[in-house]
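Make a model of the complete structure from these sequences and hints.
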Amino acid sequence: MKCNILTFGIARDIVKTSQLELNLEGEQTIRNLKEKLVNQFPEFEKLRHYSIAVNAEYRLDDFILNEGDEIAIIPPVSGG
Amino acid sequence: MKLPSSHLSVVGEKRMKNNTMTNIQIKANDLNLDECMQLAANDEAGGICFFVGTVRNQTKGKKVVSLQFEAYEKMAISEMQKIADHLIKDKSINRVVIHHRVGDLSVGEIPVIIVVAAPHRKAAFEACQYAIDTLKETVPIWKKEIFENGEVWVSAHP
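Those protein sequence lines, which keep their order, are chains A and B. Quick note, the first sequence lines up with residues 1 to 80 if you use this note's numbering. Quick note, the second sequence lines up with residues 1 to 158 if you use this note's numbering.
Keep in mind that the hints were calculated from the coordinates and are not lab data. Check before you lean on any hint, since a few could be wrong.
To be verified - Facing chain B, according to a computed beta carbon distance under 7 Å, are these residues of chain A, among others: (1) N39; (2) P42; (3) G80.
Stated by the list, open to error - Sample of chain B residues at the chain A side, in silico, Cβ under 8 Å: (4) R56; (5) S66; (6) E70; (7) K74; (8) M75; (9) S78; (10) Q81; (11) G103; (12) G108; (13) Y130; (14) I132; (15) I141; (16) A156; (17) P158.
Ideal Cβ positions, reconstructed from N, Cα and C, are used throughout, including at glycine.
Below you can see the structure in the form of structure tokens.
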């Protein structure tokens, strides 16, 4: 499954684009997506943490991704 | 209530039961205290509590030149709406207004205004604190501090 992933803040700096394309094989969970991300961009492991949002909602690692989902990497937020 | 739509980029607004209301906005230009006051004011209110965030001139002794704010706007609006809805539902609150800036801000400028109106002051104070504390934990907005000799995404690293 091809995922189009939105990136913000330091996540965009790490991947050097605001829309990252990743190909997910096998289990299409957030856990799998995160493993793939870290393999490709080890700098994600240095962050305090990061979350994945699917269709603008925070989702946990077991969440299953579907074709066409809007996926976003949410690095530590710092609004206010 | 009619909003001045000409100068805002994203708006979330919800008219709720008992004529209570929330107003959530992300704006690319100056936030306006008077506008927030007008959105929060209502005849049932006995007190209106403001939290106004301002850009500080230093971080850990390093001089801050400016801050750059960016948002995942769709989700930022929905997360701020959740905060407002929670307050309206669970506490004695009758208006919640949250306006957040994006873009470049210099020292003294206002990145966020939160206004809570309530029949009694205690609930308004507590709700205002809850709203800013929760916003800082959950709302997908990021700020980059620009120093005289470098820049850093706030809170990104341990």
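Against the structure, the hints:
{"no.": "1", "hint": "N39", "in the structure": "violated (20 Å)"}
{"no.": "2", "hint": "P42", "in the structure": "violated (14 Å)"}
{"no.": "3", "hint": "G80", "in the structure": "holds (5 Å)"}
{"no.": "4", "hint": "R56", "in the structure": "violated (12 Å)"}
{"no.": "5", "hint": "S66", "in the structure": "violated (15 Å)"}
{"no.": "6", "hint": "E70", "in the structure": "holds (6 Å)"}
{"no.": "7", "hint": "K74", "in the structure": "holds (5 Å)"}
{"no.": "8", "hint": "M75", "in the structure": "holds (4 Å)"}
{"no.": "9", "hint": "S78", "in the structure": "holds (6 Å)"}
{"no.": "10", "hint": "Q81", "in the structure": "violated (11 Å)"}
{"no.": "11", "hint": "G103", "in the structure": "violated (13 Å)"}
{"no.": "12", "hint": "G108", "in the structure": "violated (16 Å)"}
{"no.": "13", "hint": "Y130", "in the structure": "violated (13 Å)"}
{"no.": "14", "hint": "I132", "in the structure": "holds (6 Å)"}
{"no.": "15", "hint": "I141", "in the structure": "holds (3 Å)"}
{"no.": "16", "hint": "A156", "in the structure": "holds (4 Å)"}
{"no.": "17", "hint": "P158", "in the structure": "holds (5 Å)"}
This entry does not satisfy hints 1, 2, 4, 5, 10, 11, 12, 13, going by the numbered hints stated previously.
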